[in-house]
Amino acid sequence: MTAHTRLRVRPYVLTGGRSETEVDLSLEAVLAATELGRTSLGALQLEREQLVAIAVDSVALTEMAARLSLPVAVVRVLVGDLVADGMLEVTADAAASTARPDVDMLEKVLDGLQSL
Amino acid sequence: MFDNLSLRSTMLATAAVPVGVLGLVALWSALSGGVAVAVACVMGAVVTAVVAVRQSRRLTERVATVAESARRLTDSELPALLDEASRPAARSSDQPDDDLDVNAAASERSTTSLLWPDDELTAVMEAITGVTPAVSGLLDRRRAVIDGNLRRVVERLTRRTESLLNEQLAYIDWLEDTEQQPDRLQQLYRLDHLTNRARRSTESVLVLAEAAADRPRSEPSPIDTVVRVAIGETSAYSRIKLAAIDPAWVAAEASFDLAHLLAELLENATGHTADGAEVEVFAVRLATGDYRITVVDHGPGMAELELTSANVLLADPPRFSIEQGATIGLTVIARLAQRLDAIVDLTATPGGGVTAVVTVPGDALASAPSADAAAADGAAAADRRRGATADADPETPTDRDRPARPPTEGRSHADTSVEAPVAVATGPQRRQRSAASRPLDLAPRLEASDHDPAEVQAVISRYRDGLEAEVAGADSPGRERR
Numbered sequence: 001m002t003a004h005t006r007l008r009v010r011p012y013v014l015t016g017g018r019s020e021t022e023v024d025l026s027l028e029a030v031l032a033a034t035e036l037g038r039t040s041l042g043a044l045q046l047e048r049e050q051l052v053a054i055a056v057d058s059v060a061l062t063e064m065a066a067r068l069s070l071p072v073a074v075v076r077v078l079v080g081d082l083v084a085d086g087m088l089e090v091t092a093d094a095a096a097s098t099a100r101p102d103v104d105m106l107e108k109v110l111d112g113l114q115s116l
Numbered sequence: 117m118f119d120n121l122s123l124r125s126t127m128l129a130t131a132a133v134p135v136g137v138l139g140l141v142a143l144w145s146a147l148s149g150g151v152a153v154a155v156a157c158v159m160g161a162v163v164t165a166v167v168a169v170r171q172s173r174r175l176t177e178r179v180a181t182v183a184e185s186a187r188r189l190t191d192s193e194l195p196a197l198l199d200e201a202s203r204p205a206a207r208s209s210d211q212p213d214d215d216l217d218v219n220a221a222a223s224e225r226s227t228t229s230l231l232w233p234d235d236e237l238t239a240v241m242e243a244i245t246g247v248t249p250a251v252s253g254l255l256d257r258r259r260a261v262i263d264g265n266l267r268r269v270v271e272r273l274t275r276r277t278e279s280l281l282n283e284q285l286a287y288i289d290w291l292e293d294t295e296q297q298p299d300r301l302q303q304l305y306r307l308d309h310l311t312n313r314a315r316r317s318t319e320s321v322l323v324l325a326e327a328a329a330d331r332p333r334s335e336p337s338p339i340d341t342v343v344r345v346a347i348g349e350t351s352a353y354s355r356i357k358l359a360a361i362d363p364a365w366v367a368a369e370a371s372f373d374l375a376h377l378l379a380e381l382l383e384n385a386t387g388h389t390a391d392g393a394e395v396e397v398f399a400v401r402l403a404t405g406d407y408r409i410t411v412v413d414h415g416p417g418m419a420e421l422e423l424t425s426a427n428v429l430l431a432d433p434p435r436f437s438i439e440q441g442a443t444i445g446l447t448v449i450a451r452l453a454q455r456l457d458a459i460v461d462l463t464a465t466p467g468g469g470v471t472a473v474v475t476v477p478g479d480a481l482a483s484a485p486s487a488d489a490a491a492a493d494g495a496a497a498a499d500r501r502r503g504a505t506a507d508a509d510p511e512t513p514t515d516r517d518r519p520a521r522p523p524t525e526g527r528s529h530a531d532t533s534v535e536a537p538v539a540v541a542t543g544p545q546r547r548q549r550s551a552a553s554r555p556l557d558l559a560p561r562l563e564a565s566d567h568d569p570a571e572v573q574a575v576i577s578r579y580r581d582g583l584e585a586e587v588a589g590a591d592s593p594g595r596e597r598r
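Keeping their order, the protein sequence lines are chains V and F.
Counted the way our numbering counts, the first sequence spans residues 1 to 116.
Counted the way our numbering counts, the second sequence spans residues 117 to 598.
No lab work stands behind these hints, which were simulated from the structure alone.
If you're wondering where the values come from, they're calculated on a predicted model, not measured in any experiment.
Some hints could be false.
To be verified - Residues from chain F shown here face chain V by an in silico Cβ test under 10 Å; the list is partial:
(1) E295
(2) Q297
(3) L301
(4) N312
(5) D340
(6) V345
(7) L358
(8) D362
(9) V366
(10) E369
(11) S371
(12) A375
(13) T404
(14) R408
The beta carbon of each residue, even a glycine, is placed where N, CA and C say it ideally should be.
In isolation and in its complexed conformation, chain F is listed as follows (with noise of 0.2 Å):
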């Protein structure tokens, strides 16, 4: 600590020398008869001992300006910038007084010294200006790193997490595609549900994280299979009913991440909502090119002001923290629709509830694909049907190896035509042809049968015969008849 007394005193009696000296000649003129010259050196040595006290003050004042500055930075600024490191996570949330501080404590010490004569003391000052920054910049640096590992540590893990559901889903397929009994199948279903849910979740933690999407590109899917593909990842799914749906075609790159924000705004509307109370989902095509999504729910709704802090937290999301709590699955919405270039309002629904409307740009629609294509290639036709529905055969490696073909029509299923199925019948895959005409041709004789157990015993036990004789690779005594 300074004693600005003493300082003071000290500079004073600095000063007092050319008062004394300005005096004594004083004197030596008066007593010589120059009473002019007396007079002048008399004014002199006013005006000498006025600037010294005046100049005194203001140093001693900058001094002690300098020696608060110190004191703050060594008190409060840094110890505050290091607790606040301390808390990676917690950083905008719970302490954005603290952080104000520091800011508005630097600025301030900056313009004072500005208005400063450039001496020694200002470059004090300016040095202890520069400490908050220097620290603050590479405690931000370091928290970068920290954040950066640990964003990578959490993405592999739960990308680990990912593909592990997406094996369980390829099993669940296969056994539901076997399955015939209608009691198992529920139970299939219920499995394959729940396991949808784990993936969407398990998704949303790497849109937290900001990991890029890493689902391999496809091809175009129609819109109400990006729609109902969200439908199934909501837990109560039943209670969303499709109302309107306009034909589109959404871009491979765009499909995944559209069709996981609907899911997160459908949880959150049937969420919202009493249970057996409907949720609708329309989606439209604006003159504009754009597509609209509304989601209307009739719940209690949200209050005005809620409702304007998630439309700007929609508008504008902040980065991952563990603070974010009730608003992650919003937080969620937010960044998909950046990457999607989407928005995402929310409104009152009149009479109550919730609407949210999703504008999609144009850009993330696949044009309609041409109808030439269709008449070149059936299979692209059945391609789309796969695209669009399911897969029967979810395992065959082709499902990837199949060149990214466009889909045929621009048409979509709800305003399908007559001509629809036509295309798909022109020309289906040889396999389904194949799979699909032998119950037509049974069909109506099984229903005239009349039968001897033994005789078809006997028959089945041919068959059997044939079909090892065919794997032995002999030439098929199995082929003759009785």
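One chain only, chain V, in its complex shape (with noise of 0.2 Å):
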């Protein structure tokens, strides 16, 4: 085994067991921190002031959850709550704006995908 041969913390234990967010957040959302959100910094908590901390600039969801290694799922969890306590803002959220994306952006993601 590999896995827990370390230390891991439980995804439920990061997020309190919750698996849904109080604020409607897609994955494409872009975050930023609020005003009151970088005064808060070095008073927050753990992933809370991690997450507050990456957003200085803003930033996309899924990156916050590469950067600090979490899965995207706990991720989106914790900001919803950071977006509910207005320590962050969401900037843009693509799912919330419309359904599909357009053909535009799938050239570039072929392109993209292509150059790999």
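Take each chain as given, in its own frame, and dock them per the hints.
Structure, rendered in structure tokens:
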């Protein structure tokens, strides 16, 4: 076994057992720290502190998850809490404004994938 | 059985010979006019008779003692020893009185025989005295062999269960990482929680069986990770509040045991408080260099006597025994504390409840990893994050293969300042960066989308074609645009 030979905080501990957010938040959401968030830096706990610090420059939810090496589903719940608390704000959320991606964008995705 | 009376008369009869001879000499002396000689002989006869009577009495007493010892040996001591041996697990708690009797009898015998003259009777007494310790030692050795075998069987079976549970957890990890549906994720969390609790109780069996910790050493863990791993192994984890935590790193070899110990304490605390009542955890570094973790509950608490006996047990845990029953949790805590060289003390919480104080020696802490290492190698920072939080990809073999590098920052997550994420951002692992940069670029454009479903479909099918071409190794016709 590889995975559990080291200590890993279980995801349900990080989210307090929740899998749903209070605010509507898609995985494509881009977030930024609010004024309250910035001034609260240094007084927040653990992942909350790290997430607000990352979002000082606006950043995508998925990138936040990648930087903390946390499951996206966990970060989504934590970020949802921070948005509800007024520490973070959603600056862009594709899923909230439209149901489907446009063709230009898909072309770019294709380009990107092919150039990998 | 001896007939004391007949033994004694035999001895007296033997003594009567010199007395009779002296009496005859005295009579002869008196008749021939030697008064002085006659008087001396009479006195000699009297003294001889008295000495003979006294000696016979002492000898009779000694024989009686030997006889009594032999009787007790066969009638009670040996049966008691054998009886005790037939119940291997029921030792200390069940039959302390018998044990005491046997020992007391043996020591009484040996002190008795010490006062005796060095003769054949004493030798017999010493032989009888030696029987009980010899049998007892033999039985102890046999019991040790049986106990050892039993422990090995328990250990082997438990390790198998533990390894199955670890496999199950890895599978749950994978499911959780790929699941996006909140309601299904919720179910997975419950399964995850149950599996973690099962693993903890499995590991408790290993602790009780005095099996050595067998988890591969990895790298130091931040104390907040250790505490929260413990919280995750507790039934009512959502009632536990991490109230304060000073930054520290726990040495790799201590981290699993400490997490297990804390989980047992948290289980006790949440188990003895009402639903909805919070249990608080405070983790502070002491001026002495030691680290102290305090678990505070506000439940009904324990009586003074209960607290005292619990602390006695914590300080000196009993051996593995079937009779442990209600104290199993405490015994596990005590054993783990011994391994960690930590001190666990229970006190009353002011206003009601129990406060458990764990003092971990400074040796169990890892030194704060240096800042230079962070600058030199950003990937180490990412490693630390992985250790500190969660593995995005738990099944990658690199988890084990990656060299155990000391984490790069001594700072705890509790007081991470703005710098912490910067350190991560300067050198994330390549895979993470490429995964992360794309959504950044795409998201704003997604916002202003305007589309025709047929066109979208066309793009998707071309994408698929391109992938297939690439897999087939053809020189990618899919790369060409429309």
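Given Q297/F as an interface hint, is the shortest Cβ-Cβ distance to chain V below 10 Å? With a closest approach of 8 Å, the Q297/F hint holds.
V345/F as an interface hint toward chain V, with CB separation required under 10 Å: Since the shortest Cβ distance to chain V is 5 Å, the answer is holds.
Using 10 Å as the Cβ threshold, decide whether L358/F counts as touching chain V. Holds. Min distance 7 Å.
Against chain V, run the beta carbon of E369/F and see if the smallest gap drops under 10 Å. With a closest approach of 12 Å, the E369/F hint is violated.
Taking the closest Cβ pair, is S371/F under 10 Å from chain V? holds (6 Å)
Does E295/F meet its interface restraint, that is, does its C-beta lie within less than 10 Å of any C-beta in chain V? This interface hint holds because 7 Å falls under the 10 Å limit.
Hold the hint about N312/F up to the distance rule: shortest CB distance to chain V must be less than 10 Å. holds (6 Å)
Going by Cβ atoms only, is V366/F closer than 10 Å to chain V? This hint holds: V366/F lies near chain V, its Cβ roughly 9 Å from the closest one there, short of 10 Å.
Measuring from the C-beta of D340/F to each C-beta in chain V, is the shortest one below 10 Å? holds (6 Å)
Holds or violated: A375/F as interface residue toward chain V, Cβ cutoff 10 Å? holds (6 Å)
Can we keep the D362/F interface hint, with Cβ of chain V closer than 10 Å? The hint is violated - D362/F has no Cβ within 10 Å of chain V, the shortest such distance being about 13 Å.
Chain V contact restraint for L301/F - C-beta distance below 10 Å: Status holds, d = 4 Å.
Comparing the model with each numbered hint stated earlier shows that hints 8, 10, 13 and 14 do not hold.
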